[in-house]
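Assemble chains L, A and S onto chain Z, guided by the hints.
4 protein chains.
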Amino acid sequence: MQMIGVGLIGTGFMGKCHALAWTSVRTVFGDVEPVRLVHLAEANPDLARQRASEFGFEKASGDWRALIEDPAVDVVSITTPNQFHPEMAIAALEAGKHVWCEKPMAPSFADAEAMLAAARRSGKAAALGYNYIQSPSIRHIRTLLNEGAIGTVNHLRVEMDEDFMAAPETPFNWKHEAASGYGALDDFAVHPLSLVKALFGHVASVMCDMAKPYADRAVAGGGRRAVETYDIASTLVHLDNGVSGTLLVNRSAWGRKGRIAVQIFGSKGSILFDQERFNEFQLYVTADRATEQGYRTILAAPVHKPYDRFIPAPGHGLGFNDLKTIECRELIRRIRGEEANLIEFDEGLEIERTVHAMARSFEERRWVDVR
Amino acid sequence: MQMIGVGLIGTGFMGKCHALAWTSVRTVFGDVEPVRLVHLAEANPDLARQRASEFGFEKASGDWRALIEDPAVDVVSITTPNQFHPEMAIAALEAGKHVWCEKPMAPSFADAEAMLAAARRSGKAAALGYNYIQSPSIRHIRTLLNEGAIGTVNHLRVEMDEDFMAAPETPFNWKHEAASGYGALDDFAVHPLSLVKALFGHVASVMCDMAKPYADRAVAGGGRRAVETYDIASTLVHLDNGVSGTLLVNRSAWGRKGRIAVQIFGSKGSILFDQERFNEFQLYVTADRATEQGYRTILAAPVHKPYDRFIPAPGHGLGFNDLKTIECRELIRRIRGEEANLIEFDEGLEIERTVHAMARSFEERRWVDVR
Amino acid sequence: MQMIGVGLIGTGFMGKCHALAWTSVRTVFGDVEPVRLVHLAEANPDLARQRASEFGFEKASGDWRALIEDPAVDVVSITTPNQFHPEMAIAALEAGKHVWCEKPMAPSFADAEAMLAAARRSGKAAALGYNYIQSPSIRHIRTLLNEGAIGTVNHLRVEMDEDFMAAPETPFNWKHEAASGYGALDDFAVHPLSLVKALFGHVASVMCDMAKPYADRAVAGGGRRAVETYDIASTLVHLDNGVSGTLLVNRSAWGRKGRIAVQIFGSKGSILFDQERFNEFQLYVTADRATEQGYRTILAAPVHKPYDRFIPAPGHGLGFNDLKTIECRELIRRIRGEEANLIEFDEGLEIERTVHAMARSFEERRWVDVR
Amino acid sequence: MQMIGVGLIGTGFMGKCHALAWTSVRTVFGDVEPVRLVHLAEANPDLARQRASEFGFEKASGDWRALIEDPAVDVVSITTPNQFHPEMAIAALEAGKHVWCEKPMAPSFADAEAMLAAARRSGKAAALGYNYIQSPSIRHIRTLLNEGAIGTVNHLRVEMDEDFMAAPETPFNWKHEAASGYGALDDFAVHPLSLVKALFGHVASVMCDMAKPYADRAVAGGGRRAVETYDIASTLVHLDNGVSGTLLVNRSAWGRKGRIAVQIFGSKGSILFDQERFNEFQLYVTADRATEQGYRTILAAPVHKPYDRFIPAPGHGLGFNDLKTIECRELIRRIRGEEANLIEFDEGLEIERTVHAMARSFEERRWVDVR
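Protein chains in written order, with full-length UniProt numbering: chain Z, 1 to 371; chain L, 1 to 371; chain A, 1 to 371; chain S, 1 to 371.
Simulated from the structure, these hints should not be mistaken for laboratory data. For clarity, every value in this text was computed on a predicted model and none was experimentally measured. Be aware that a few hints might be false.
The list makes no distinction among identical chains, and a pair is therefore deemed to hold if it is satisfied within one copy or across any two copies.
Claimed, not checked - For lysine-lysine, the following DSS-like pairs were computed, each having C-alpha atoms within a straight-line distance of at most 27 Å: (1) Lys305 x Lys212; (2) Lys268 x Lys305; (3) Lys268 x Lys212; (4) Lys175 x Lys103; (5) Lys175 x Lys268; (6) Lys175 x Lys212; (7) Lys305 x Lys59; (8) Lys103 x Lys212; (9) Lys305 x Lys197.
So here's chain Z without its partners, still in its complex pose:
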């Protein structure tokens, strides 16, 4: 591949984020192929044209199938609402394109399985948008764990909280319908699970509890309607490697904006991380002298790769969008056939299998084995 032809479906939050990643990945990393922004698709054709102009794409379509049929497109970024992922991803893979699809794979597990099957048939790269695993902090935490910096890990706590659903005055919307899924479990749990996967491996069994902060909400036209989804999910987990832990998510947590708090306890120390300050993490090691043991707040720096590709000075800080650029470069490596730090459809399916096991555990009020 001498040049990467990119197609982008969707132009919302993640569509723009993908566009920025494709635009800047070669400027940042240098060692990747030139990127050609070929085709942008968006249901609204006028909006498609406008965004194509703004994002620098050559062509715009109101129909995503035109994009997938475009021979100049090598890889397709799928950033549409979740229910469209299966059809688009499968069609793209079947058309011989690499796929970079936002998480989660699909509302239904069967659809996610079909996506994986299509990826396997195609032999193409099929990666998911789990960019939180790409931060220099998380990457370095993995290095530390592998080095045994905190000894043998024995316990893990992960929390993910935001407050976009916290206002009781927010009217009933589609995210309150059971058809949208379980609630916070779908919206959030996959992110902590991607970190668990990146740092440790698979979840073996789960025991989940869910809660609704608000039983009903005002309906636009008048009256109130019962909320069918759960903004809160709290899960006891056992990992395959025997480590126990908890995974707590809440999308009605006033004050939390993008919190993903991780606590990792080992036999020789512990590590703390919070996505709201993802340019730093904290390390406690018993190797330090007793009178000076304490959590070190370590700021991301050029020594924490690939921070150095963005900024040669420590403590200056990457942004959320930069994480997607790192992910983009990993995808390009994967397309080349190199080893890459990505969550692909096979691992993504494991994550979704875990989410469904959590939901079943809640419904049946018992521990459930993920596989």
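Relative to chain Z, chains L, A and S alone:
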């Protein structure tokens, strides 16, 4: 009562803490009766004499029964290991003394019940040493919750972590034997439960998981022995008032020294607290303008009673021992027949009932109703 | 102007940063003209070609004059070492190009004056790279100050500290020669001064002290040489508006990576900011009830413009490079003739005048009026 | 000395603080003589009697001279307003009593000199109440500095800020009159100077600026009056050992409650401390591996003496009043003729000499040598 005659059993961590509280309570508060340090008992008679001299007690005994029979003693502080609490507390109550007993009440629930029965028969004050509920921060948080400052509370997370058991090299000791109890559940869970009680009320049902970071430990004489207690306990909880939450404890959490982290989420805001920095707490309220919403870090100050009795200037900080002095003053109020902010034997028994329900839940791998 | 033709001189830290800004500014903001990356110049012609390919520039030159003569170039980014700024900027302006030059303007004040004169003659945009003033936090702090959120400001403290010069083992280099300037005063002081300018206005008088942490350093070939520059500069300042304050900089401050700590005190509150965590700031207001007054930690969010152009969700965080993209958009506004939030050559000259006044104050051990 | 007979003059903030220290010092430390609370003096005789009862003193006087003449009194705590210190301290010393006097020594330097002369003539202990130097954190920081943990110190910044004078609505009071002294310089600067003394040694020269946030204030009876004292003082300092630094104080700093922020920079690391969280400090050392260098937040623990005498568990926290108890034990050591960690009249005079040099420096707008 013109003067309070105090007897103290035990001279370890908590013994000294009680001694300091009795010594300084009138100097701090002014509005309490004079305190007379009458009698100190400690199994080792030489140590008893030494500590009595240091702490300023008039008499010293190697036999705690002599103290309980001392007519000059009005109230008995019991700070011995947990297994001695029932016998001492019941004897003291039967001798017509008020009792101030360190938590937890007793290793066995039946013994705790017997203690409550004795307290009821005696009509005397029978209070437990749950001093974390006494900090100006926690007291003000309760006021805020009662005022509706964060609306209706809908979710709660509490963690209590220390690292005194975290070193895998620590040899097997009595705390690793099943006879000592469940492990972290006994050592720690009662503290978060005292905060839950103080702030919200009772726990209705629980689903607990426990874990052992280290399967076995070296025995002093050579060889290794399987650890029988659990350093980690993670519990899903439902409160009587319908609020859901989690209660996580870990006594092998490297880096944590005296952490009791509380997160309270409501319909109009949230509150954060951590005992490691108990002279402050954080408040987020949606009443603030959108562009300036954020957690306020509020330092304890004279406006947060009874901080003002210790220091007339804000931000100077109380110490751990000061919390016991506040508890001591509440006990004196209770002895006088006034309303007091204390956890007495009846509420203490509810806390221990909850702990036992947690353990049963873990053993039976199912949700258990506390009552 | 239908399309912006960009020339970039220099491909180091700031060269890449400008390239990323030009590459992504239209994708982020939408409302700016298309950007054409026309010409890249770099002393080493091979490196110029390589970077032009990586950054996506059409042409590469080993001679910056070729770039300036390129008729397709409308605006020139100058990111070379400071001593080259005057010649390049003046030539670019005289060739009718807009100029975006990294700070500081020039080592000598006379050269900086010549740059301003050239800018005035040309009528072109002549902006400096003071991107720290562009963060949503700093922009919102300015809004709050203008609204009177903390009343009348009466005191200001600014610190800027890094540790890139802190290792005593680092051999003597050009930054230790007097020819390079004063030291930290040139490297750092201009940044805090840009914030002072953005938030308050000009500095009226200064009293500066400087210090050398290490009197001499090893010379590569052997022996040691006396250090001629000052890593530390501490200055008492009075602003034109009567506000007093301090401005402290240190480039040998172990542990500090990109700290620019600002404390602003007013009659009704105070504001804190630290560039190491520039996605947040702290606000204390006396309008809050006495029992709940405390610093609010406010995370950057879409309500703090133009954060929303990068990310529609709060608390996700911009990166250092994003600040340059915001600056780039301001520059484009300025080129269009619109009002822009920029430090142009006239204000830049005031900043450098202040730096020189600081140095004179130190040399003469007395208060010096800036003008 | 078999028992220490204590006299206390004054029953305000510091009077109570001394009473608590005397009351608990033997309970906490064990290794000190029994303390007998002999005599309390307070201008208002009724209040004297009430406080004597509350604090547990045997006698009460409305006349402090009666206390000084009391043969049962061995040591006199002086906690009255500053202007009374000289007369009381000199009388007590001349009566052969040890003296423990709150800082500062006296409003006038001549009076402070007379106090030192009296102390020298008497041969008695004459200590000042500089309790901030007693915290386990500060004591351990001194140990680290002595060990060379951060190499050779080269720069120092100290800030002390509170907001008790920050409200512009506060009416004119005696602290706004020139007769009360310079303002923040007297109220605050002595505290940071005590830390400088404890950690490093003497100040050699100073360059100070002062400011008034509010030019005038309302007078109780109507009208406004010009404020004569300075709430803000910012000083450039050089220490005897060649270290440079800054010492900034502000008693009108909204949001600051008891801040004493210390930054110490050395050739191998740095140390941070803030009195508002005095149970912790931060250490950065270059001995840590580059990828894990960061500030360690170290919680006070039993390994940081004498924390262990108060609490045997780490991270539980001492309070402000506990610092006075530590100081009290140091005083007792001094009385016994042992080495003690105290600021006595000779060192206290050096501190006040420095304050007066600061004031002169401001008035004369020039650097002033302290001696």
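From the Cα coordinates, with 27 Å as the cut-off, is the pair Lys305 and Lys59 best called within, between, both, or neither?
neither (35 Å within a copy, 30 Å between copies)
Homo-oligomer pair classification [Lys212, Lys305; C-alpha up to 27 Å]:
neither (41 Å within a copy, 33 Å between copies)
State whether the alpha carbon distance between Lys268 and Lys305 is at most 27 Å within one copy, between copies, both, or neither.
Cα proximity of Lys268 and Lys305: in one copy and across copies (25 Å, 25 Å).
Which holds for Lys103 with Lys212 at a C-alpha limit of 27 Å: within a copy, between copies, both or neither?
Classified as within: same-chain Cα gap 24 Å, cross-chain 34 Å, threshold 27 Å.
Are the CA atoms of Lys175 and Lys212 at most 27 Å apart within a copy, between copies, both, or neither?
within (13 Å within a copy, 39 Å between copies)
With identical chains treated as interchangeable, where does the CA-CA distance between Lys268 and Lys212 reach 27 Å or less: within a copy, between copies, both, or neither?
Only across copies: Lys268 and Lys212 sit 15 Å apart there, 39 Å inside one copy, limit 27 Å.
With identical chains treated as interchangeable, where does the CA-CA distance between Lys175 and Lys268 reach 27 Å or less: within a copy, between copies, both, or neither?
between (43 Å within a copy, 21 Å between copies)
Reference check for the pair Lys305 and Lys197, CA-CA at most 27 Å: within, between, both, or neither?
within (20 Å within a copy, 35 Å between copies)
Pop the pair Lys175 and Lys103 into one bin, within, between, both or neither, using alpha-carbon distances up to 27 Å.
within (16 Å within a copy, 46 Å between copies)
Checked against the numbered hints listed earlier, the structure breaks hints 1 and 7; every other hint is satisfied.
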